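Enquirer: Each chain, written out:
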Amino acid sequence: MNARTYLVITIIISTLSLVQRSVTQLCILLAVCVLFVGFLSPTKKRFVHLWKRLRFLLILILFIFILQLLFRHHGEVLFHWSFITLYSEGMLIAFMVSIRLLILLLIVSLLFDIPYYDFLLALRGWKIPYEFCLMIASTFYFVHMFEDQLKTTKDQLRFREINFGKIPLFRKFHAFSAIIFPVLAHAMHTVRYRAIALDIKGFRLHPNRTYYISQKLKWFDYIIQIICVLSFFLVMYLLLKS
Amino acid sequence: MNPYFSLQNLSFSYNDKSIFNEINLEIQRNEVTVISGENGTGKTTLCKILFGLLTQYKGNIAFEEKDFLSIDQTYITSKIAYIQEQTQNNLLGATPNEDLAIWQHKFQKKDNDQFKETRDAILKRSDIKEQAEKPIWALSAGQQKRVVLASLLFNKEKFWILDDPLFSLDSKGINILLSILAQHKLSGSGACIATQRPKTFSLVADRIYEIKDTTIEQIAGNR
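If you read the sequences in order, they're chains A and B. Using my numbering, you'd call the opening residue of the first sequence number 1 and step up by one each time. Using my numbering, you'd call the opening residue of the second sequence number 1001 and step up by one each time.
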């Protein structure tokens, strides 16, 4: 499937997740999103990779859920014990925010598996100025780079018999900064050399550029894109009507 | 003497490409074993298998006479020090001094004068004392490699697996590496070295093997 089709799916699902205003609608959207992810990444390897990528963010979603639940004080009282009071609106908002975040994370995770150059060509296919395409594609490239660098760091900790979980709490902050700082610095160093490489290759030297690889949409790309766009307008129409 | 590693009929494929086809190899705990071969023959793959990073092989590997697959990775890292091919991947700290300090305190203890003294001696021996406080990413590839090799001196009691340790080292760096290896061997420990230049290790190597066409053959040393 063409990277442009991935982009269309991502843009439509993420936009819908922001405009939906009920838990049921968000649940339906989440189901659609899971179907898409399942349909587009049917291999076990990709699912495992996706799970590894999302599991830490799921903890964050859970944390946000608890915060919303505890600190939203509107609506009916659903539960009360000691200083903990749960309200109906808190429960509703907590669910909505969590499902929305889950949809966004799942759908954006599709984009991270697109090779950098495909991403660039997909954006160029929409006639977006090359500078913008490069900036957007580079963002994904650097996320990948950070991911790799963090994996290397994790391996290196293991090779040195360092179990991060067993480091005393008061030393954890020092350990974390000592580990993360070189990762960031190394990434910035790479960015610098990448900028030099771009200049050497004549970035922005000519008004137009040509591409060695061309990305053409296939018949199923057209069908998926049309279905997605039509579904988007239909949902928007139904939402506005209600 | 029982071998430290014993590989029996080991086969390994990567993306349907056969890397090893039923190879047999024994590595002794107190010997320096050199594995040579051209690019892409499987030297790094063998190092990764020996360190337990690749487990989808066929055949048997015995480590300390136990089935390698049944051994926990924590135990392996407590017995083996592994230096990867890509120099950067072996470094964790922001400066050579900090990187070596992490090897010492492992974030469990506070850095102290005794640690600093040992570190200074090691930095001096590896000829990187002057670069001790410079950012790792600002060092040359050779200087980074020296920092990595210096870290071996904190792992004297372990068996070493060194993947292409000569890469980017100058002649002075190579001499430092050879002296570290000779001392390691004298203390009764061994190493497995993957390299394209086996002759460089002829003075310290006990056995030299060559990987060729998915097989491994001993080309020099004790039989």
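No lab work stands behind these hints: they were computed from the structure. Any given hint might turn out to be false.
[Stated by the list, open to error] From the structure, some residues in chain A lie toward chain B, with a derived Cβ separation under 8 Å:
#1 Ser-22
#2 Gln-25
#3 Asp-113
#4 Pro-115
#5 Lys-154
#6 Ile-162
#7 Gly-165
#8 Phe-173
#9 His-186
#10 His-189
Note that this is a predicted model, so its numbers are computed, not measured. Every residue, glycine too, gets a C-beta built ideally from N, C-alpha and C.
Enquirer: Where does the structure disagree with the numbered hints, that is, which hint numbers, in rising order?
Expert: Those not satisfied are hints 1, 2, 3, 4, 5, 7 and 8.
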